[in-house]
Amino acid sequence: MIRAENLTKRYGDTTVVQDLSFTVRPGTVTGFLGPNGAGKSTTLRMILGLDAPTRGHATVDGRPYAGHSAPLTKVGALLEARSLHPGRSAYHHLMALAHTHGIPHTRVDRVLALTGLTHVARKRVKGFSLGMGQRLGIAAALLGDPATVVLDEPVNGLDPEGVLWIRTLLKSLAAEGRTVLVSSHLMSEMALTADHLIVIGKGRLLADTTVDELVRASGGASVKVVTPEADRLRHLLPDARFTTEAPDTLLVTGLEASEIGRAAAAHAIPLHELTPQAASLEQAFMDLTRDSVEYQGAPA
Amino acid sequence: MTTTAAPATTAPTTTYGLTTTRILRSEWHKLWTVRSTWITVLTAVAFVLGVGILMGSTYTSDGGDSDVDTVVLTLYGSQLGGIALAVLGILVTAGEYATGMAHASFTAVPRRLPVLWAKATVYTAVVFTLSLLTALLTFLTARFFLDGTDQAASLTDDGVLAAVAGNAAGVTLLGVIALGLGAALRSVPGAIGAFVGGVLIVPEILGMLPYDALDTAIRYFPTQAAGALGSATPIPGAASPGAALLALFLWAAAALTVPALLLKRRDV
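In the order they appear, the protein sequences are chains A and B.
End of the first sequence sits at 300 in full-length UniProt numbering; the numbers just go up one at a time, nothing left out.
End of the second sequence sits at 268 in full-length UniProt numbering; the numbers just go up one at a time, nothing left out.
Because the hints were derived from the structure by calculation, they are not lab data.
Being a predicted model, the structure only gives us computed values, none of them experimental.
Careful: at least some of the hints might be erroneous.
From chain A, some residues computed to sit far from chain B (all C-beta separations above 10 Å) [what the hints assert, rightly or not]: (1) D51; (2) L112; (3) R232; (4) E282; (5) D291.
What the simulated footprint calls covered on chain A by chain B, stretch by stretch (three residues with Cβ under 8 Å from a Cβ of chain B suffice, anywhere in the stretch; the number is not a length) [unchecked claim]: (6) 82–93; (7) 100–111; (8) 149–162.
So the derived label-pair ranges between C-beta atoms look like this [what the hints assert, rightly or not]: (9) B:T129 x A:L164: 32 to 40 Å; (10) B:T15 x A:T253: 50 to 58 Å; (11) B:T21 x A:D159: 37 to 45 Å; (12) A:L192 x B:T257: 50 to 58 Å; (13) A:R290 x B:T21: 49 to 57 Å; (14) B:T121 x A:N36: 22 to 30 Å.
Positions of the beta carbon are idealized from the N, C-alpha and C atoms, including for glycine.
Based on the provided sequences and hints, a complete structural model is requested.
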């Protein structure tokens with residue numbers, strides 16, 4: 001369990017994080033979302049005691065991170081930047097960290113296997129691809145079998161297979177009862193992984209909510225339907241709301257794609273397309289953070 | 001997703017946790033698992049031994065070096081070797097900031113100071129042992145060549161063993177100063193510049209100024225104090241070995257205190 005209370009970080013005149021309070025609970029994946037430069041990394045660094053807050057404080061399981069006698073068993077962290085010596089092998093990097101806590105080499109071998117790095121464990125990290133580097137960072141995070149896992153942009157630079165692997169890993173960590181906090185600037189990724197969302201912009205809390213609530217607040221998920229008999233379909237679905245995009249194209253909200261499909265089949269209405277739209281979630285995030293995007297592209 | 005009520009962590013069979021011994025072990029592991037350590041250490045040994053053999057094998061009694069202290073003469077290479085070991089000290093601390101390893105180190109040991117103490121302890125133990133063995137080996141090798149010249153000397157001669165050990169202590173404490181500079185400046189080139197400029201060159205320049213008080217003070221500067229420690233016969237105008245050792249200890253302590261104070265305050 002992570003608790004942030006009134007966390008504030010200033011560098012001179014610039015306020016990077018302002019009065020941020022939130023709680024991250026065990027057993028779920030919490031997404032920490034915000035545009036680039038929103039203060040996500042700084043917040044995570046304050047939780048880990050790497051940066052000192054100007055005001056406020058953060059605790060892990062009721063204590064500041066540095067107050068724990070076995071910190072690696074409390075929080076395992078992957079920070080955005082590569083945190084290792086490129087000339088050291090993956091095995092020795094993990095072993096050096098393991099020694100500080102008396103963690104045996106068998107555990108090092110275990111996290112290397114878990115992250116699929118066993119065959120490159122003795123190679124110097126210098127030659128690692130971005131994805132392998134991320135896997136090693138995750139191996140380091142899992143080293144102490146921690147109750148809380150904090151990952152800063154873990155899918156950055158990963159191939160689709162790697163992204164899928166992280167998604168599965170995060171869900172299984174949460175299912176084991178751990179607290180999982182993952183930062184990202186990609187709403188779409190978080191929608192697939194996270195149950196709970198903490199959204200920040202310009203260092204301020206914008207939303208502390210569940211994925212479902214955020215979708216509902218933004219008008220709900222919609223389904224795109226293309227059919228030559230759009231009018232007939234509309235009358236068959238009295239509970240739904242419609243937006244007509246083209247004479248044969250409807251955007252339906254308030255119903256699942258399966259319900260629409262069943263209704264259409266029952267009345268023999270041909271459907272050319274029936275697509276759930278994830279865009280609304282992306283849109284909700286954009287709406288939420290529009291005013292706090294630091295670098296906004298001007299229309300060409 | 002199914003949320004099964006599993007325990008937060010599988011309880012570790014042994015108690016994981018930070019201890020001083022474990023942090024020392026981690027720093028020892030870090031030191032020997034990068035190539036730069038082996039390169040700087042072997043370079044230092046090669047310099048000291050090579051220059052010692054060169055000095056011994058080319059020595060002639062009428063060559064004008066008769067008045068040079070035998071230990072100083074045979075361990076002339078320790079000045080160059082010392083620079084290699086000072087670079088190692090800087091890599092041990094500043095190197096972690098250059099690579100980003102500092103994040104991992106201070107996440108594992110968030111109280112931070114134990115990391116600095118462990119680095120200084122491991123470095124001191126390794127560099128002193130290595131310097132002492134190298135100095136002994138070099139002196140004995142050079143002595144083999146110097147037998148029969150006016151520089152013939154033995155380890156059991158008055159002050160020789162103390163000077164050989166003093167040389168190793170001087171090299172080690174200069175290296176600890178470099179390690180401290182690296183920790184304070186967090187930049188490898190910055191710390192190397194500060195060490196070469198501030199510790200090696202500036203006292204030489206100050207010594208040329210015509211002020212007596214300055215001359216007395218400079219005796220206790222790190223390089224000069226290390227020089228006094230490594231001579232079997234007293235050097236005119238230098239500090240006594242005891243005073244020199246004390247001065248060097250204080251310099252090294254100061255060089256570690258500054259980064260220790262900064263480490264507590266600064267963000268990583």
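Hints, one by one, checked against the model:
Distance to chain B contradicts D51 (chain A) as a non-interface residue, since its nearest Cβ pair spans about 4 Å, not more than 10 Å. Against chain B, the non-interface label of L112 (chain A) holds: every CB pair exceeds 10 Å, the least being about 15 Å. Consistency note on R232 (chain A): stated as away from chain B, and its beta-carbon is indeed over 10 Å from all of that chain's, at 38 Å minimum. Distance check on E282 (chain A): its Cβ is at least 22 Å (rounded) from any Cβ of chain B, clearing the 10 Å threshold; non-interface status holds.
Distance check for D291 (chain A) against chain B: the nearest CB is about 28 Å away, which clears 10 Å, and the non-interface claim stands. Counting residues of the segment 82–93 of chain A whose CB lies closer than 8 Å to any CB of chain B gives 10, so the stated coverage by that chain holds, three being the minimum. Counting residues of the segment 100–111 of chain A whose CB lies closer than 8 Å to any CB of chain B gives 5, so the stated coverage by that chain holds, three being the minimum. Residues of the segment 149–162 of chain A with a Cβ under 8 Å from some Cβ of chain B number 0, which does not satisfy the need for three, so the listed coverage is violated.
Distance hint check for T129 (chain B) and L164 (chain A): the Cβ-Cβ separation is about 51 Å, which falls outside the suggested range of 32 to 40 Å. For the pair T15 (chain B) and T253 (chain A), the beta carbons lie near 55 Å from each other, so the given range of 50 to 58 Å is met. One distance hint, 37 to 45 Å for the beta-carbon pair T21 (chain B) and D159 (chain A), holds here, with the actual separation near 42 Å. With their beta carbons about 51 Å apart, L192 (chain A) and T257 (chain B) fall inside the hinted range of 50 to 58 Å.
In this structure, R290 (chain A) and T21 (chain B) meet the distance hint of 49 to 57 Å, their C-beta atoms being roughly 54 Å apart. One distance hint, 22 to 30 Å for the beta-carbon pair T121 (chain B) and N36 (chain A), is violated here, with the actual separation near 42 Å.
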